[in-house]
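Number of protein chains: 4
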Amino acid sequence: MIKVIISGFKGRMGSTAVEMVNNDPKLELAALLDPFATEKEVAGVPVFNDKADVLSVATDVWVDFTIPDVAYDNTKFALENKICPVVGTTGFTEAQITELIALSKSKKVGGLIAPNFAIGAILVMEFAKKAAQYFPDVEIIELHHDNKKDAPSGTAIKTAELIKETRTYKKQGAADEVESIPGARGAEFDGMRIHSVRLPGLVAHQEVIFGAKGEGLTLRHDSYDRVSFMGGVNLGIKKVVNIDTLVYGLEHLL
Amino acid sequence: MIKVIISGFKGRMGSTAVEMVNNDPKLELAALLDPFATEKEVAGVPVFNDKADVLSVATDVWVDFTIPDVAYDNTKFALENKICPVVGTTGFTEAQITELIALSKSKKVGGLIAPNFAIGAILVMEFAKKAAQYFPDVEIIELHHDNKKDAPSGTAIKTAELIKETRTYKKQGAADEVESIPGARGAEFDGMRIHSVRLPGLVAHQEVIFGAKGEGLTLRHDSYDRVSFMGGVNLGIKKVVNIDTLVYGLEHLL
Amino acid sequence: MIKVIISGFKGRMGSTAVEMVNNDPKLELAALLDPFATEKEVAGVPVFNDKADVLSVATDVWVDFTIPDVAYDNTKFALENKICPVVGTTGFTEAQITELIALSKSKKVGGLIAPNFAIGAILVMEFAKKAAQYFPDVEIIELHHDNKKDAPSGTAIKTAELIKETRTYKKQGAADEVESIPGARGAEFDGMRIHSVRLPGLVAHQEVIFGAKGEGLTLRHDSYDRVSFMGGVNLGIKKVVNIDTLVYGLEHLL
Amino acid sequence: MIKVIISGFKGRMGSTAVEMVNNDPKLELAALLDPFATEKEVAGVPVFNDKADVLSVATDVWVDFTIPDVAYDNTKFALENKICPVVGTTGFTEAQITELIALSKSKKVGGLIAPNFAIGAILVMEFAKKAAQYFPDVEIIELHHDNKKDAPSGTAIKTAELIKETRTYKKQGAADEVESIPGARGAEFDGMRIHSVRLPGLVAHQEVIFGAKGEGLTLRHDSYDRVSFMGGVNLGIKKVVNIDTLVYGLEHLL
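Residue numbers (the UniProt record's numbering), protein chains in the order written: chain A, 1 to 254; chain B, 1 to 254; chain C, 1 to 254; chain D, 1 to 254.
Simulated from the structure, these hints should not be mistaken for lab results.
Please read all numbers here as calculations on a predicted model, not as lab measurements.
Be a bit skeptical, because a hint or two may be false.
One copy or two, either will do: identical chains are not told apart, so a pair holds if it fits within one copy or between any two.
Straight-line alpha carbon distances no greater than 27 angstroms define the calculated DSS-like cross-link-like pairs of lysine-lysine that follow [stated by the list, open to error]: (1) 239 x 129; (2) 164 x 26; (3) 149 x 213; (4) 130 x 26.
The shape of chain A in the complex, shown without the other chains:
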């Protein structure tokens, strides 16, 4: 039975995490933390506004869905107090991550900071990286709802970066190809192409398509709901208690 505190439990991700912990018989909700909470307890679980108070309760894992500055302080605090952090907040600087990993090693405390908790999305990236060893021709199509501001998506760029690590460079497409309308061939990234589709109804989807003589290989991830992140949080909680360093990226625990 792993005892879990959830920090930022009033937020969307935090509250989804509470539900996930409550539904797993191998996990126990030990405490809840949120500066904005006004209640003193939820279904018998103590609620705190200040992280120092959390130490009054025995806890194995500190799940954190807050904001960058707070998350950094919380992760440090958890490590110092031998609680394993599982952190989904994005926006850590490289220096902060390096510092936190060093701290975790000195304390021999496992932990996880993950910019992406969707196991399926992580697997697609990992598989793409492997496939690119054999198939240097690849294009990425990412499809999102039409309120998304940035194109390509962060996941698509991350995927392309990972592919680049194993792919033999080549500039794809015909040498003499011509765009009769600019942008038709998509965004170029190291000779590969990335295409961003934006349509209402879509949520978050990505296809990585490899082509070779006479064959094709397609890896697709569909994310319909943030509940999909909880599989990764759950896995993180169960893995961090068995390691003695903090890792950055869920892929290190798969």
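Once you have looked at the hints, place chains B, C and D on chain A.
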């Protein structure tokens, strides 16, 4: 039993058409025409080098897979001699098409000039045009082998033009969307987006994706082999003998 | 400005319909009806428990998401009082539908009873019916969440029935095909095959795949959320006020 | 420069392999073997009818696309003569494979017997096996041309067997699910489901679809042409010269 002459039978499309006619018990190969032919007959079917000689044989339909200039002369010749033309050669000018339609009407002879004989591709265009009445948000992804020079494909542009006829105009995507790598959002056509994928292994494929609140509609055509055009040629042969004007585009016979 | 009453507004579909009407400047919410409502008004719109009271308010269209018996009475009541019904409740008998159509004609009142309001799903069926004229080889794959009890889905069976109307019959697959594990080739319907996939994460999806020599045509509908039905309800409201008979099936208004 | 002999070079796979070797500047065609060959050489490369004669030429790798009995003898012969076999012939018995592996070890000669040389297909299997650790809900859809006799395909069954090795067993679908037409839910394999689609125009395709709360992961392989196998043969040739045992299955070299 419809009697068919195939003009340009030594070419790739022409020879595939010969095979198609031979395999259909409702069609009879009456003659073959090609200026480059050296044989005098093929399996009992007379072979001619000069179109004037074709008139020595009774023929209902003139299938033409030649080159633009020749195809224009041949189509005119066929109409004048009351043979229904089914022409797959591309490159006719608008003036030529107008003239040939007028000629067909005066002669009361049916005919077909089709830039695309793939019934599936035509249906996708027609369905897309219909769907766009209800779903103004649409993106086109066309995927071809990586020797293709032009992007977007002619079929994708034609599809977008047809969609434009029924779609209520809107500029798609988020109003504040930003491309961190140019081209990510594809080619813009009347507020829609077209994406061109080029990979070895692919042949000719197109997806038209509509999105609306809570749903998506996707129309996809895959073309693996030029034999796929023969369904359209076959249909054309059987339809032109029952109409009394030449039409431009297979869609008019579906 | 079309004045709308929503019957069954406390239910899931009804409350989604309220939202849809409120968000369309061309529609006005005139009244709400639900036997279980305890409030007397919602944002200034009168709430009734008894259908007879609705007549105190001027209304053009009666949207109904109730239960079969109630829906039949309500539809009859609406028609008799010259209010155009738009009914999403399923379970009407053929006799009831015939009777209601006759009533609508005698009253010259337009109306719609639709077992399926997803425009995309209806279009896929209609397109499939058209494509089957040219492509007699077709298989249906429908994919749903893994709590769905029935297989194949009602939509898949309806789609197959529509295809049957235009398709030249053939028993598909190799004449000597053998299933090494029973069920591999799916459910047989008039020589076609239907496959039912059930997985968590999925909502409601359907692919109709046509194959012919050298080509394929795929029609796919994805339904992620019941909000997708509202496009059809909205369209129904705007169409019924311009017709003078009740129709069964949204396809008659597309 | 790796010297290669191709055994069975008059067959379809063999002749495709000849072309592949000729197009790779790192490979050299040393000899050709086929009992049915009548020519004495092809473009300067000696042609033999009897395997014993091959020893007159220096060779590193023995590519074999023959028939089961011949392939077994040839593989043994190659190993005994310190030539690394790369064998694409199917139909070896388990006893034969065990014997050949033992022989390769005693001779310290690398080799490969592969029932499937399509790297993309192998990767899909490997990825599916990995993903099944995290996603126990999975269905396989395999799609082939409509002359295929067996269903499910051998690749689909092999994929399901590999998934079974890592997947936590569960009987998928709703506990109370009912097939209104038998076969709708596909073939059952260890609680998973396999669906076999057969349509003209298709070649050989497979989708492995994983589902979990709020997400989906799809792995798809498309095989359009047997030329796709040559990537695997090429890779095999380059790998076997650096190992000192024979392996069964291309996956051991990826």
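_My question is about residue 239 and residue 129: at a cut-off of 27 angstroms on alpha-carbon distance, are they close within one copy, between copies, both, or neither?_
Both ways: residue 239 and residue 129 sit 23 angstroms apart in one copy and 20 angstroms across, limit 27 angstroms.
*With 27 angstroms as the alpha-carbon cut-off, assign the pair residue 164 and residue 26 to within, between, both or neither.*
between (39 angstroms within a copy, 24 angstroms between copies)
*Is it within, between, both or neither when you check residue 149 against residue 213 at 27 angstroms Cα-Cα?*
between (36 angstroms within a copy, 18 angstroms between copies)
*Check residue 130 against residue 26 for me: Cα-Cα at most 27 angstroms, and say if that holds within a copy, between copies, both or neither.*
Answer is between: at 23 angstroms across copies they meet the 27 angstroms cutoff, but 33 angstroms inside does not.
Violated hints for the displayed structure: none, as all numbered hints are satisfied.
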